[in-house]
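Start from the sequences, fold in the hints, and give me the full structure.
Protein chains: 2
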Amino acid sequence: MQISVMTAGLLGTVISLIGLAFAWYQRGYVLAQAPGNEAMQKIANAIQRGAQAFLTREYRAVAVFVAIVALVLIGLSLVPNSGMSIWTAAAFVSGAVASGVAGYIGMYIAVRANVRTTQAASESLNKGLRVAFASGTVMGTVVVSLALLGICLLFVLFRELLQLDAATSASALAGFGFGGTSIAIFARVGGGIYTKAADVGADLVGKTEAGIPEDDPRNPATIADNVGDNVGDVAGMGSDLFESYASSIIAAVALAVPLAQVDAVRGLAAQVYPILVAAAGLLIGMASTFLVTTKEGATQEQLLGSLRRGVWTASGGVALAIIALAALLNLGTGIMIATLSGLIGGVAIGFFTEYYTSDTYRPTQALAESAVGGAGIVIIRGLALGMFSTLAPVVVVVLVTLIATVFGGLYGVAMAAVGMLATLGITLATDAYGPVADNAGGIAEMAHLPAEVRERTDALDSLGNTTAATGKGFAIGSAAMTALALIAAFITSVGLSDAPTTVAAVLLDPHLVTGLFIGSVLPFIFSGLTMLAVGNAAQGIVVEVRRQFKEIPGLMEGTAEPDYERCVAISTDNAIRQMIAPGLLAVSVPVVIGMLIVVGPRMGLAAFISSQTLIGVLLGSLVPSFMLAVMMANAGGAWDNAKKYIEAGHLGGKGSDAHKAAVVGDTVGDPFKDTAGPSLNILLKLLAIVSLVIAPLIANFS
Amino acid sequence: MQISVMTAGLLGTVISLIGLAFAWYQRGYVLAQAPGNEAMQKIANAIQRGAQAFLTREYRAVAVFVAIVALVLIGLSLVPNSGMSIWTAAAFVSGAVASGVAGYIGMYIAVRANVRTTQAASESLNKGLRVAFASGTVMGTVVVSLALLGICLLFVLFRELLQLDAATSASALAGFGFGGTSIAIFARVGGGIYTKAADVGADLVGKTEAGIPEDDPRNPATIADNVGDNVGDVAGMGSDLFESYASSIIAAVALAVPLAQVDAVRGLAAQVYPILVAAAGLLIGMASTFLVTTKEGATQEQLLGSLRRGVWTASGGVALAIIALAALLNLGTGIMIATLSGLIGGVAIGFFTEYYTSDTYRPTQALAESAVGGAGIVIIRGLALGMFSTLAPVVVVVLVTLIATVFGGLYGVAMAAVGMLATLGITLATDAYGPVADNAGGIAEMAHLPAEVRERTDALDSLGNTTAATGKGFAIGSAAMTALALIAAFITSVGLSDAPTTVAAVLLDPHLVTGLFIGSVLPFIFSGLTMLAVGNAAQGIVVEVRRQFKEIPGLMEGTAEPDYERCVAISTDNAIRQMIAPGLLAVSVPVVIGMLIVVGPRMGLAAFISSQTLIGVLLGSLVPSFMLAVMMANAGGAWDNAKKYIEAGHLGGKGSDAHKAAVVGDTVGDPFKDTAGPSLNILLKLLAIVSLVIAPLIANFS
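Going line by line, the protein sequences match chains H and P. At position 689 of the first sequence the residue is numbered 689 (our numbering), and the sequence of numbers has no breaks. At position 412 of the second sequence the residue is numbered 412 (our numbering), and the sequence of numbers has no breaks.
Please keep in mind that the hints were generated in silico from the structure rather than gathered at the bench. Treat the hints with care, as some may be off.
The list makes no distinction among identical chains, and a pair is therefore deemed to hold if it is satisfied within one copy or across any two copies.
Pairs of lysine-lysine, PhoX-like flavour, derived with a Cα cap of 25 Å [as the list claims (entries may be wrong)]:
# : residue 1 : residue 2
1 : Lys207    : Lys550
2 : Lys644    : Lys207
3 : Lys207    : Lys660
4 : Lys644    : Lys654
Rendered as structure tokens:
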């Protein structure tokens with residue numbers, strides 16, 4: 001079946017309008033709830049005013065930026081033969097406005113839903129969940145609807161009404177994504193600074209110095225802290241995902257253009273497919289939100305289950321839509337598989353994020369246990385955990401990229417991103433729900449509501465933390481896939497015109513890109529291993545020194561001698577034992593990849609691996625290894641010398657609070673500058689020299 | 001003038017033997033010094049035994065690894081048509097043995113020089129300096145001499161005696177570097193774990209829990225701590241730089257092979273040039289060590305001046321040698337400029353490292369001042385400082401790479417690495433001097449020597465910290481240049497045989513590589529900016545909250561209301577102000593590079609920039625942005641939940657020491673997970689979408 005640009009565009013427009021109507025209905029539901037007593041309303045008003053004031057100022061600043069960029073884009077389009085269309089500027093402004101409006105609406109409803117959630121939670125847990133989730137639904141649906149609406153209208157305008165050619169229209173459409181990004185970068189950065197400045201500042205003086213609890217109304221920064229949740233986590237997250245969502249569709253449309261030059265019918269189908277998948281995802285997501293209900297007195301497990309029921313149903317529905325639409329448009333199973341791989345990859349990254357950050361799993365529990373060893377150890381362990389956790393998402397991104405390109409070419413990569421983001425309406429709803437629940441708790445505390453209300457809002461908040469982890473993993477994974485698709489679109493646009501085609505082919509080779517990802521993860525895993533090794537080995541020494549202090553009589557008085565040899569033996573044992581894993585990892589990776597390059601093609605896997613994979617690994621590990629090595633060496637050196645500077649008598653000298661803080665910094669810096677950092681020097685040379693040694697083998701057998 | 005392989009090899013051999021004799025002479029000087037009183041000797045013996053025991057066990061473990069790899073290499077060379085020579089295995093074993101011996105000798109002399117330095121320092125500061133520096137000189141000279149000796153002997157063996165062809169001999173020679181790396185990875189990792197486990201463990205219990213000073217003889221871990229300095233900083237650093245040094249020469253020889261296929265005479269000259277430059281550097285370095293003397297009663301400035309006089313004289317001498325040898329061999333000014341660029345680049349990276357880590361400059365002083373805000377702020381600031389500090393070294397590496405390739409091709413890159421490392425003999429001496437001085441201080445403390453001795457050893461130690469910073473920057477910079485040269489050699493080896501030449505050409509394009517470096521530094525600078533912004537903005541809130549607690553009567557008692565609005569206004573002001581710089585950075589980089597791509601070639605800079613630079617920037621920023629974003633999101637989430645896990649009653653619950661430590665972790669995690677991490681999502685998409693928007697411009701005008 002053939003579907004024209006006009007039909008797809010109008011269909012998408014209609015569905016986005018349905019989405020906006022649905023959001024309006026949900027908004028009505030939220031605002032119809034009771035806003036609580038006077039004290040609560042007073043607090044809520046303060047939060048509303050603060051959020052409103054921030055967004056107004058932020059938008060004013062961003063408006064200046066958008067105006068300047070728009071003028072530059074207009075100017076460029078007036079340069080003869082620049083190839084830039086004036087419509088790029090128009091699309092840019094539309095994208096900026098749509099993203100700004102989406103963020104504003106999300107924030108608007110969130111700062112009104114918070115107090116209503118508190119009030120609802122004072123009636124029942126279930127009611128609290130429903131109000132907070134309805135607020136998240138408004139945000140999720142508005143973001144997706146406005147992005148889809150903008151793209152559909154511009155698509156119809158450029159292709160049907162203005163009759164721009166496919167390449168020009170794709171490039172002008174990119175302006176819409178650029179507009180969204182311009183809002184997103186300032187919203188994420190500005191909102192992020194706001195929320196954490198208020199949070200950290202409030203905690204440092206309130207909790208630490210004055211010894212009063214979090215959200216205590218006596219703390220002058222509590223309102224700012226609550227405002228921060230809304231402007232950072234709601235408006236910022238919204239504009240971030242608005243942009244990923246829009247850009248993935250735009251990249252898919254752009255990458256469908258070369259296909260159209262080969263086969264007009266298939267090319268057209270490829271251009272309307274992302275729009276139809278996104279539209280289907282929006283409809284399915286809205287329908288699935290009705291599954292998020294829970295019975296009275298539900299446990300935390302059941303609450304989480306009800307949110308997951310909604311998300312999983314949406315994912316299943318979108319999978320069916322991806323299959324059905326690919327069949328309908330005769331796009332073949334390859335592109336269908338590529339799109340599905342993205343959908344599954346997004347779920348997988350979300351799961352791994354939860355695994356690494358939720359205290360129901362081992363990593364976070366182990367991190368908590370290390371806190372017994374002091375702040376320095378917690379920081380080292382946490383950084384190591386973060387570094388390890390890069391492995392799983394990279395594996396997912398690499399697999400999705402390979403599957404998508406092998407089955408669907410570069411267009412497949414863009415469709416994988418579209419597939420990953422097709423359920424955005426409901427996943428963003430579960431995510432935007434979190435800050436509302438968090439705020440609701442703060443209001444309960446500040447308005448001195450009974451403890452049971454705070455308990456319920458705490459339960460809702462803790463649920464939000466779990467969904468936030470999934471949402472964050474999802475945001476990063478989709479950003480990476482979208483960026484890959486955009487880079488592919490860029491290289492194609494530049495390469496199609498005058499650069500030799502082979503250059504574009506080499507750089508677009510998925511083996512190179514996947515190699516870059518695999519290579520880049522190595523320094524992180526390697527540093528994680530070495531830092532963890534120091535933590536473990538230091539722990540052994542701590543236990544032994546404590547034992548000697550306790551068991552050797554007269555040691556502290558200087559009348560007995562400590563057993564130095566045992567500490568030396570323990571250090572030796574630990575160091576030897578723990579050097580094996582990172583050492584073998586470093587040596588074996590290029591060897592294993594080298595063997596795969598030789599063996600893979602003989603096993604029919606030539607599409608997945610080639611000597612360019614290894615080159616990608618080499619370049620991919622060189623550059624971030626260098627950055628991390630420099631960063632670790634310099635941060636470690638600076639902490640060390642900052643401590644010595646204080647010990648020399650500045651800022652209170654030895655024994656002052658500043659000195660204690662500097663000692664923690666130095667503890668973190670020690671493995672940075674003397675273990676992980678210098679070891680990276682070797683890692684980056686090692687991969688290259690092993691590859692050089694086995695080069696004849698690869699050259700002769702691959 | 002033409003110099004044969006035999007002549008160059010023999011010349012290099014003779015000069016390395018002179019180097020070894022010089023090291024033997026310096027060793028004699030050190031051992032001839034008085035070893036101090038009985039208490040000092042007892043401590044020194046314990047350190048010697050510990051270091052000896054560790055190195056023995058480490059080498060035993062590594063020997064197994066080396067034997068297995070050697071067998072694998074032999075096995076591979078027996079596979080028909082594998083193209084691997086049996087001599088690769090022989091070179092591998094030689095490299096491993098040479099690197100191991102160099103590390104052993106360095107350690108052997110360092111654990112004997114430490115106590116002699118203490119004794120010498122009890123006589124005079126100058127004498128202490130001379131003994132410690134002589135020990136460093138042994139290490140530096142042995143490392144360089146053994147590496148050069150091995151390469152020269154193998155070079156003559158392969159090329160003259162066995163008559164292997166140039167390509168096979170270059171590949172077999174790579175085995176020597178591989179052998180060195182195998183020792184280095186275990187020595188750096190194992191030594192690094194040892195030194196920091198002992199150091200952190202000793203400090204955690206000794207300083208923090210028991211409240212006794214550093215190096216107090218009552219602490220059972222002090223000896224292990226001192227052993228660690230030797231096995232980590234001496235043996236580890238030695239084998240690291242052995243490998244960089246050897247590999248840079250090997251890569252240069254390998255990259256000279258393709259030149260020989262075009263022009264036999266020039267190709268031969270290119271093969272002997274790196275060996276002659278290295279040999280000249282060794283001679284000049286030895287001569288320059290005699291300049292490191294100081295008059296009695298020298299100040300810290302004068303001590304540093306005397307070390308610098310040695311290094312700078314050596315650098316000047318090597319520069320002259322580079323020029324003279326290039327002229328002698330008729331290699332032309334291009335290759336000469338490439339080699340010089342490396343020499344200058346190494347000095348520049350050393351300077352920037354010192355700038356960022358020495359407390360005589362602003363960055364470390366500002367870090368120390370931030371300690372007043374607590375441990376969390378110190379960690380955030382230190383990480384931000386480390387991230388910022390990547391910029392200057394990256395700029396240097398990019399400039400050196402561009403200059404080297406434009407003037408000397410890929411061979412130029414390898415020669416830049418050789419140039420950077422040509423002064424290694426003396427720079428490593430100033431570096432290996434540090435741990436000896438550090439140990440000397442420890443011995444003075446443990447043996448209860450008079451305070452004035454400890455003061456002198458402290459002065460020597462502090463001098464060591466400064467030179468260590470330079471040495472570290474140098475180690476990283478040379479590792480990056482060496483790795484680049486090795487990757488180029490690898491791609492050439494693989495590409496020469498059967499891959500289409502264009503693939504190699506595209507991947508070896510210096511524009512792509514420099515783009516990757518520029519792209520990779522962006523997420524680090526960007527995260528540094530956003531984390532710093534949080535630190536600054538939080539500081540504003542802290543000041544305001546403290547003020548209100550102090551100035552509003554009745555606030556803490558709950559009878560007066562705080563001024564919430566002011567905190568909201570301060571957060572808003574700060575967030576808006578501080579979002580500008582990172583936001584503009586993100587948007588402007590692709591635009592600026594895009595403009596340079598269009599404008600550059602019109603200004604005659606086509607050799608330095610092309611659209612492939614921008615593609616490199618896009619790929620280069622995508623991958624590490626993804627890693628950092630995942631790492632920050634997950635580490636931040638895990639710290640947050642670890643804190644909540646403890647607050648839920650585990651491990652002592654709220655108010656326990658574990659809880660306090662977890663709060664510090666959470667403070668660091670806050671800007672990670674809510675500011676810097678999510679902002680990176682946008683950064684990675686932003687670069688790509690801006691590039692896509694300006695793609696028509698680049699396509700039409702570049």
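Hints and how they fare:
1. Lys207 x Lys550: between (35 Å within a copy, 16 Å between copies)
2. Lys644 x Lys207: between (29 Å within a copy, 15 Å between copies)
3. Lys207 x Lys660: Both ways: lysine 207 and lysine 660 sit 18 Å apart in one copy and 11 Å across, limit 25 Å.
4. Lys644 x Lys654: within (9 Å within a copy, 32 Å between copies)
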